[in-house]
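Here is what each chain is made of, one letter per residue.
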Amino acid sequence: MSMGDVYLIPAWFLGFDSVMEVLFSLITLIIAFVAFKVYRLSCERTVRHLSIGFALIGISYLIWACIHLSLVTALSADISVIYLENLPVHWVIGVYAYLILFLSGLVTLAYATTRAKHGGIYYLLLGLTILIIFSSIQKILTFRIVSMFLLSYIAYHYYWEYLAHRNIKTLLTCSAFALLFISSIDLIFAQHYSAAYVVGHFLEFAAYGLLLGSLVHTIHHGSRQKEKPPRSHT
Amino acid sequence: MAPAKKRNRLEVIRDILTVIKHKNGTIKPTHILYKSNLSYAMMEEYLAELLEKEFIVERRAGGRKSYAITDKGMEYLEKYHLIAEFSESFGLG
Chain A
268 MSMGDVYLIP AWFLGFDSVM EVLFSLITLI IAFVAFKVYR LSCERTVRHL
318 SIGFALIGIS YLIWACIHLS LVTALSADIS VIYLENLPVH WVIGVYAYLI
368 LFLSGLVTLA YATTRAKHGG IYYLLLGLTI LIIFSSIQKI LTFRIVSMFL
418 LSYIAYHYYW EYLAHRNIKT LLTCSAFALL FISSIDLIFA QHYSAAYVVG
468 HFLEFAAYGL LLGSLVHTIH HGSRQKEKPP RSHT
Chain B
19 MAPAKKRNRL EVIRDILTVI KHKNGTIKPT HILYKSNLSY AMMEEYLAEL
69 LEKEFIVERR AGGRKSYAIT DKGMEYLEKY HLIAEFSESF GLG
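So the protein sequences, as listed, match chains A and B. First residue of the first sequence: 268, per the numbering used here; consecutive thereafter. First residue of the second sequence: 19, per the numbering used here; consecutive thereafter.
What the hints contain is simulated information worked out from the structure, not anything from laboratory work. Any given hint could turn out to be false.
[Said to hold, decoys possible] Ranges between beta-carbon positions, derived for each pair: (1) B:K71 - A:A431: 20 to 28 Å; (2) B:K39 - A:W427: 16 to 24 Å; (3) A:I399 - B:R27: 32 to 40 Å; (4) A:A383 - B:E76: 26 to 34 Å; (5) A:S337 - B:K90: 42 to 50 Å.
Source: prediction; values computed, not measured. Ideal Cβ positions, reconstructed from N, Cα and C, are used throughout, including at glycine.
Here chain B stands alone, though its shape is the one from the complex (with noise of 0.2 Å):
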């Protein structure tokens, strides 16, 4: 069996978000882990990104913290396929 092709970062915002998405729009950082198939250390490092970018947003409740998608977030999984075609086109996948 051909191994997987390995995702770009593109690929790898649109899993994240994608999965909190399916989770309610709300979901806890071990259940991102478990779902988007990276390391803790590239996790921290993509959430970190998402943060900064405004795609998603920290809640804290009972010392629990947990991520939610915002709506900027939801664009970026509605236009997806344009930025990655885009990026691809002009040879910044």
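The shape of chain A in the complex, shown without the other chains (with noise of 0.2 Å):
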């Protein structure tokens, strides 16, 4: 980790923020689990990609809340500046793991929106998502920008589904995915002003808010309707 890796934290943020990401993670982890519910139903390759996608973003909030609830005992005062190149071994294992397991979260569903069949691809697409923050000097830095690549293309594939359903469920996850990319640009500025990293929680805070309202509504919708007959028309 390099000396431009540093977050500003604000004194009273801190556990709060833990708390939100824990949160995060549970909301992702449960999108994760009926994803894998819905697969195991429909046998559905990409389904099976959007619950791995999930479940690695789940598992990364949980390793960066984890580290964020070290951080409050190992500091205090008003403006928390932690620098990465100064932590621990232990606790640079678990930001590299952090970085990779949510970009590798972020490729699988930009992976599952392509509807692509060539494996190959979504290979390609990890193994040079890891090469790049591997490579880079400023990784969270590089790993804020290149979620901010993978979100935004994301956030696009929503918005066109939302155009072709014109619904409530996917407007709920169009604006999910919205507000993560507009807080992923945020967080870049989390690196010089404190105030980035707590709006930054906060509309993550929302997005997931809309994804579990979505998730909701589709299982409410869902487990409602009966089977109807086949339709005469291709």
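Make the complex out of the two chains shown on their own, each in a separate frame, by following the hints.
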């Protein structure tokens, strides 16, 4: 990690951010679990990828929350400055695990939305993404930029899905990924402005809330409807 | 009259399984072709996928092929709306 990898976190927000990250982790893991159940029923590859994608993001948030929680006890000031280069080895491993798992999750989600049948494209994207992080001097900044790029692609996909269907559930998912995209831009500035870190977390909070809303809506409506006879036109 | 909306993959799979289910669980390929409104090539593609997913099984009697719906296929039909809603919500439909 380099000198450029620095976070400005207001002291009052330390601990609170960990709680939010645990919440993000829970929501994404719930989505991953439901997606896995749907995959077991449908055997659709794209649903399996979605499940894996959300599970990876969920695990990454859990690791990130643990790192932040351990920092709460280690730091105390009006503004807590965290230089990643000074972190103990186990924390550095944790930070790397977070970066790789989160980006792998986003790559998996992006791949699921392409509906591509060639698995090689997935490994190419994943390999390139991880390579970019490892070869970068400012890893956190690079991580934020790559996340922003992947989230812009996913948000764009869901925007078109919303235009195609124009219903509440696709609107919720589209809005959620749009907010995650905005938060990824905002969090780039968390290296210089502590407020950006707080705003980024609240944007993520709203985004995962919308994703949970979309999931609840899906389960509610999906379990209510009855089987219909086949339609007569292709 | 507005043109009929093109079915997506999940709907085609549901329709094929429903046709088999309504024929007492076993059906000849020609009946699937007739009832599911698919081209022969598309039907073959979907049947291969359904066999791979173990939603149907192939049976041969007197040199004639027929297809039977499995418990997994029945479960797909039962939970179809959850699968379709989820796929649409998360942009996989």
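Right, here's what the structure says about each hint:
1. In this structure, K71 of chain B and A431 of chain A meet the distance hint of 20 to 28 Å, their C-beta atoms being roughly 26 Å apart.
2. One distance hint, 16 to 24 Å for the beta-carbon pair K39 of chain B and W427 of chain A, is violated here, with the actual separation near 34 Å.
3. Between I399 of chain A and R27 of chain B the beta carbon distance is about 34 Å. The supplied range of 32 to 40 Å therefore holds.
4. The hint said 26 to 34 Å for the Cβ distance between A383 of chain A and E76 of chain B, and at roughly 29 Å that hint holds.
5. As the Cβ distance of S337 of chain A to K90 of chain B is approximately 46 Å, the hint placing it in 42 to 50 Å holds.
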